[in-house]
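Chain B: place on chain A using the hints.
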Amino acid sequence: SQQGEEDPQALSIQEGENATMNCSYKTSINNLQWYRQNSGRGLVHLILIRSNEREKHSGRLRVTLDTSKKSSSLLITASRAADTASYFCATDSNYQLIWGAGTKLIIKP
Amino acid sequence: DAGVIQSPRHEVTEMGQEVTLRCKPISGHNSLFWYRQTMMRGLELLIYFNNNVPIDDSGMPEDRFSAKMPNASFSTLKIQPSEPRDSAVYFCASSLLAGGRAGELFFGEGSRLTVL
Numbered sequence: 001s002q003q004g005e006e007d008p009q010a011l012s013i014q015e016g017e018n019a020t021m022n023c024s025y026k027t028s029i030n031n032l033q034w035y036r037q038n039s040g041r042g043l044v045h046l047i048l049i050r051s052n053e054r055e056k057h058s059g060r061l062r063v064t065l066d067t068s069k070k071s072s073s074l075l076i077t078a079s080r081a082a083d084t085a086s087y088f089c090a091t092d093s094n095y096q097l098i099w100g101a102g103t104k105l106i107i108k109p
Numbered sequence: 001d002a003g004v005i006q007s008p009r010h011e012v013t014e015m016g017q018e019v020t021l022r023c024k025p026i027s028g029h030n031s032l033f034w035y036r037q038t039m040m041r042g043l044e045l046l047i048y049f050n051n052n053v054p055i056d057d058s059g060m061p062e063d064r065f066s067a068k069m070p071n072a073s074f075s076t077l078k079i080q081p082s083e084p085r086d087s088a089v090y091f092c093a094s095s096l097l098a099g100g101r102a103g104e105l106f107f108g109e110g111s112r113l114t115v116l
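Top to bottom, those sequences are chains A and B. Positions 1 to 109 (our numbering) are the ones given, in order, by the first sequence. Positions 1 to 116 (our numbering) are the ones given, in order, by the second sequence.
One chain only, chain A, in its complex shape (with noise of 0.2 Å):
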């Protein structure tokens, strides 16, 4: 099942701009994590936010939760042509993640 619904399905952007993509999910979390996918590559993790964390940042990347509303967002500043990837939310349910359909991001030179 899919309880993460990120937002846009795809969005294009030229390079340096920042990328924003959000993540709404139905149930209470524990955490809340972003996945990278790159074309034909396995996922890789970026971030995890916890239920009772606000707003997180890794280098370009800077992730906010909002537990109220029930959704999160993801912001890349600066983006560079290696940004161009899929990019999903997960949510835990006990030991399982459930994972958003995700957004394509292409980043245009």
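If you're looking for bench data, these hints aren't it; they were derived computationally from the structure. Glycine included, C-beta positions come from ideal geometry on N, C-alpha and C. Be aware that one or more of the hints could be misleading.
[What the hints assert, rightly or not] Now the in silico label distances, taken between C-beta atoms and shown as ranges: (1) B:76 - A:81: 36 to 44 Å; (2) B:3 - A:56: 38 to 46 Å; (3) A:66 - B:30: 30 to 38 Å; (4) B:44 - A:27: 17 to 25 Å; (5) A:44 - B:51: 21 to 29 Å; (6) A:28 - B:53: 48 to 56 Å; (7) B:76 - A:94: 23 to 31 Å; (8) A:67 - B:9: 37 to 45 Å; (9) A:75 - B:80: 42 to 50 Å; (10) B:63 - A:14: 49 to 57 Å; (11) A:26 - B:56: 18 to 26 Å; (12) B:104 - A:24: 18 to 26 Å; (13) A:56 - B:9: 29 to 37 Å.
[Said to hold, decoys possible] Listing some non-contacts, in silico: residues in chain B with all C-beta distances to chain A over 10 Å: (14) 13; (15) 27; (16) 50; (17) 54; (18) 57; (19) 63; (20) 64; (21) 67; (22) 68; (23) 71; (24) 80; (25) 81; (26) 83; (27) 85; (28) 88; (29) 104.
Just chain B now, kept in the frame of chain A:
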């Protein structure tokens, strides 16, 4: 660390044939997951092992699918007989589960299966 290792990376087979996918998780991880990814259905959890024991196989499509984890360093996913609708990318992921809560998953590069 070599990460999660999957083989084969690509498999093309004919309908009715047996397919075996292999996974070596990261040493020290106690949880292993098999996922299937398709454009239509996204990422689906097939089966989850904890300490080599299958905990949840509710995602296994049907009896044609089976998975084993004979030891902490090896797991297989078998499809017999294979059908064209089984065509997908199959991922293995491992993690160190603590406190019964899902943590960071480490994925392999996947096995792309095409059933003709």
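Indices of hints not satisfied (ascending): 2, 6, 16, 29
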